[in-house]
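Colleague: For the record, the sequence lines run as chains Z and L.
One point on numbering: in the working numbering, the residue at position 72 of the first sequence is 72, and numbering is uninterrupted.
One point on numbering: in the working numbering, the residue at position 88 of the second sequence is 88, and numbering is uninterrupted.
Simulated from the structure, these hints should not be mistaken for laboratory data.
Be careful, since some hints might not be right.
Copies of the same chain are indistinguishable here, so a pair counts whether it falls within one copy or spans any two.
Below, a list of computed lysine-lysine pairs in the DSS-like style, where the Cα atoms sit at most 27 Å apart [claimed, not checked]:
no., residue 1, residue 2
1, Lys-76, Lys-37
2, Lys-38, Lys-110
3, Lys-8, Lys-24
4, Lys-103, Lys-60
5, Lys-60, Lys-76
6, Lys-8, Lys-103
7, Lys-76, Lys-38
8, Lys-24, Lys-76
There are 2 protein chains.
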Amino acid sequence: MNDTITFKRSCCPITNSLDILGDKWTLVVIRDLALGKKRYQEFMASSERIASNILADRLKQLEASGLVTRRAYQQKPVRYEYVLTEKGEGLKPVLRALVVWGKKHFPSTKVIPTI
Amino acid sequence: MNDTITFKRSCCPITNSLDILGDKWTLVVIRDLALGKKRYQEFMASSERIASNILADRLKQLEASGLVTRRAYQQKPVRYEYVLTEKGEGLKPVLRALVVWGKKHFPSTKVIPTI
DNA sequence: ATGACTAACTTGCATACCACAAGTCAGTCT
DNA sequence: AGACTGACTTGTGGTATGCAAGTTAGTCAT
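Given only the sequences and the hints, what does the whole structure look like? Please build it.
Modeller: As structure tokens, this is what we get:
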């Protein structure tokens, strides 16, 4: 049997994580999810002003990667909300490490409600 | 006096960290640096096969951001080596968090020598 | 019942970033 | 002289990002 898995770039766990997380917006969206935001307009309202096409794309990718689940919270009209899966919640330590580093090296950044 | 600093996107520490780290290659290079690699060819030799122009660009950006120092380790011909600054070393917890998450969710990824 | 409004997107287009191959340049080695 | 090495740079094409505007289904006020 063939036991080998084909990785995008290498078999390094960091590299494989970055194949999902390695861009300027994905972890910002995950931060918002970790803070309890669920709806499209809530993500749009964040101070980084993400473009709507980028947000839609990231939410799709996050769902495809199993970090987020999307479900309709009402019909008529259909409205969706997004929630972190356990896999997505598992990124909180990464976010926390980034906060620690960021606060140290960009001193005037603001604390955000605990993630 | 004006005490406000203009941030690229927002005053969130995560966002500001990602303005430096948020792409597919930067943290891979930092991983190599954290593993003790110093020279251009050592980075080039990593299993991810980074393109040489991207590597040159990332090393420049890392130096500009104060995460790395570059110094000639010999003259005739001049050869350079790159070493993490304390600010760069400070990213190790982020790398470790990524390793933990990556190993859990990409089970067949290989352990790398402790970072 | 018409017009304004809202949430969640999608589309178009210009710019910026990335990947791959090839080329450059100074110096060394044989 | 010719091959080789390390550290890059350049060219070209493809992918990603940013901004503005448009779409769709349904609600609410008059």
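Colleague: Hint by hint, say whether it matches the structure.
Modeller: Results for each hint:
{"no.": "1", "hint": "Lys-76 / Lys-37", "result": "within (22 Å within a copy, 58 Å between copies)"}
{"no.": "2", "hint": "Lys-38 / Lys-110", "result": "within (22 Å within a copy, 34 Å between copies)"}
{"no.": "3", "hint": "Lys-8 / Lys-24", "result": "both (19 Å within a copy, 12 Å between copies)"}
{"no.": "4", "hint": "Lys-103 / Lys-60", "result": "between (30 Å within a copy, 23 Å between copies)"}
{"no.": "5", "hint": "Lys-60 / Lys-76", "result": "within (22 Å within a copy, 53 Å between copies)"}
{"no.": "6", "hint": "Lys-8 / Lys-103", "result": "between (32 Å within a copy, 15 Å between copies)"}
{"no.": "7", "hint": "Lys-76 / Lys-38", "result": "within (19 Å within a copy, 59 Å between copies)"}
{"no.": "8", "hint": "Lys-24 / Lys-76", "result": "neither (34 Å within a copy, 40 Å between copies)"}
When each numbered hint is compared with the structure, a violation occurs for hint 8 only.
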